[in-house]
Amino acid sequence: MARLPGWGRSLLARADYARACRAHIHHDPSVDPPPRLQRGVLTLSIDFELAWAWQYARDQHESAEAKGLRERAQIPVLLQLFNELEIPATWATVGHLFLDQCSKDAHGCAHGSLPRPGHFENGLWSFTSGDWYQFDPCSDVRRAPAWYGPDLIESVLRSAVQHEIGCHGFSHAGFGPYCSAEVAAGELQACIDAMKPYGIAPGTFIFPGNDVGHLDLFARHGFSAVRAFPVQPPVVGLPIRLKEGIWGHHVTSAIDRGYLWTVEQRAARLCRFIDIAAEERLATHIWFHPSLTAVEITDVLNVFLRHAARLREQGRLEIVTNARLAAMTGAAMPAQEQRSGGAAR
Numbered sequence: 001m002a003r004l005p006g007w008g009r010s011l012l013a014r015a016d017y018a019r020a021c022r023a024h025i026h027h028d029p030s031v032d033p034p035p036r037l038q039r040g041v042l043t044l045s046i047d048f049e050l051a052w053a054w055q056y057a058r059d060q061h062e063s064a065e066a067k068g069l070r071e072r073a074q075i076p077v078l079l080q081l082f083n084e085l086e087i088p089a090t091w092a093t094v095g096h097l098f099l100d101q102c103s104k105d106a107h108g109c110a111h112g113s114l115p116r117p118g119h120f121e122n123g124l125w126s127f128t129s130g131d132w133y134q135f136d137p138c139s140d141v142r143r144a145p146a147w148y149g150p151d152l153i154e155s156v157l158r159s160a161v162q163h164e165i166g167c168h169g170f171s172h173a174g175f176g177p178y179c180s181a182e183v184a185a186g187e188l189q190a191c192i193d194a195m196k197p198y199g200i201a202p203g204t205f206i207f208p209g210n211d212v213g214h215l216d217l218f219a220r221h222g223f224s225a226v227r228a229f230p231v232q233p234p235v236v237g238l239p240i241r242l243k244e245g246i247w248g249h250h251v252t253s254a255i256d257r258g259y260l261w262t263v264e265q266r267a268a269r270l271c272r273f274i275d276i277a278a279e280e281r282l283a284t285h286i287w288f289h290p291s292l293t294a295v296e297i298t299d300v301l302n303v304f305l306r307h308a309a310r311l312r313e314q315g316r317l318e319i320v321t322n323a324r325l326a327a328m329t330g331a332a333m334p335a336q337e338q339r340s341g342g343a344a345r
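Just so we're aligned, residue 1 is where the sequence shown starts under this note's numbering, counting upward by one.
It should be emphasised that the hints constitute simulated quantities derived from the structure, not laboratory data. The beta-carbon is built from N, C-alpha and C at its ideal position, and this holds for glycine as well. Treat the hints with care, since some could be wrong.
[What the hints assert, rightly or not] Label pairs and their computed distance ranges (CB to CB):
| # | residue 1 | residue 2 | range |
| --- | --- | --- | --- |
| 1 | ALA294 | GLY199 | 29 to 35 Å |
| 2 | ALA294 | ASN83 | 27 to 33 Å |
| 3 | GLN232 | LEU12 | 20 to 26 Å |
| 4 | ALA185 | PRO76 | 30 to 36 Å |
| 5 | GLY199 | ARG58 | 44 to 50 Å |
| 6 | GLN232 | GLN189 | 25 to 31 Å |
Kindly produce the complete structure, drawing on both the sequences and the hints.
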C-alpha cells in the first residue's frame, strides 16, 4: 500500500474500514434459537507480556525492552481508568512476570528444566538461531524491569475492580504447528506454578500470537476457557462449548486494528460493536496490549470504554471478565445443551 499514490491509499483505507465495521452475528446451529443473555456484554482481554512478546517479533521499530518498559509505565494509567469506570478485564499474563528474579543453572542455561520450541518463522515471529530463553536477563525486577512484573501483578490484584488473571503461557511461546505437545504442556504448567504463590489458579488461556493449538491439554490443566477464534471477521456472539470440554471465546477486534484509519474512526467502530452486542443481547470481545500509544489510550480506549459505561448505566450492557461470560453463557443455554456439552467447532 505504501507504493500507491495518496488518493489510492485513501480509497483502500475507506474500503477496508467499511468492510471491517461489518460484524458477523454468530449463530450456533446446534442451539435453535441460539441462547441470548439478559443484556449485551463487553469483555476485554489485555495481553500482559512486557518484553516477552517482542523478543522475536518481525518488523519491530523499537526493542523488546523499550516496548516492555512502555507497557510497564502505562499499566498504572490503565488501572486508574478501569477503577474510575468500574470496568473489569481479563489480564492474559505471561508466567515469567510473576517471578521477582531468576538465574541460570549450573550449565549456564535459563530455565533449563523447561522444554522449548525449535527454530521457526511465521507471519509474526522469526526465531532462527540460539536458545528460546537467550534474551532472559536471568536477573531481577529491579535491574531488568522489562522482563519481570510482580509489582504490576500485585497492583492488578489490589485494584478496586475485580479483574481476572488469565494465562498467556510462561514465556510467550505460541501454540502453532511449530510447538510440540511437550512444549505446550510445559508452558502451561510453568505458568500455573508461577501463579501459585499469588493464590491464583488461572481458568482462561489466551494464545500468544493468537496461534491456537493443543486444545486437548487445557481441561487437563484446569482451564475452562480459551480465546479460540482469532482469524475471522469481527464476531459478536457467545462463547462456544468446544468438544475438548472448554469454552472458546470469539474475538471481535483488537484496538490497534486499522491501517490509515483515524483514531475517531477506530473508536467509532468499537462503539458500534458494543451497540450491536447490546441490541442482540450477545457479547463483543476487544483485546489490546498495554503498550498502546498514549493517543490510543486517550482517543480510542478511553472513548469506547466511556461509551460502554453509559450503556451499562442505561441497563443495556454488562462489562465482565472472560471467565464470567463463560459462566453466563452456560447458564443461558437450554438444559439439553448443557447436558450434551455443547457444540463442537
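Going through the hints against the structure:
1. Between ALA294 and GLY199 the beta carbons are some 33 Å apart, a value that agrees with the proposed interval 29 to 35 Å.
2. As the Cβ distance of ALA294 to ASN83 is approximately 19 Å, the hint placing it in 27 to 33 Å is violated.
3. Between GLN232 and LEU12 the beta carbons are some 21 Å apart, a value that agrees with the proposed interval 20 to 26 Å.
4. Remark: the range hint 30 to 36 Å for ALA185 to PRO76 is upheld by a beta-carbon distance near 34 Å.
5. The hint said 44 to 50 Å for the Cβ distance between GLY199 and ARG58, and at roughly 37 Å that hint is violated.
6. A C-beta distance of roughly 30 Å is found between GLN232 and GLN189, which places it inside the suggested range of 25 to 31 Å.
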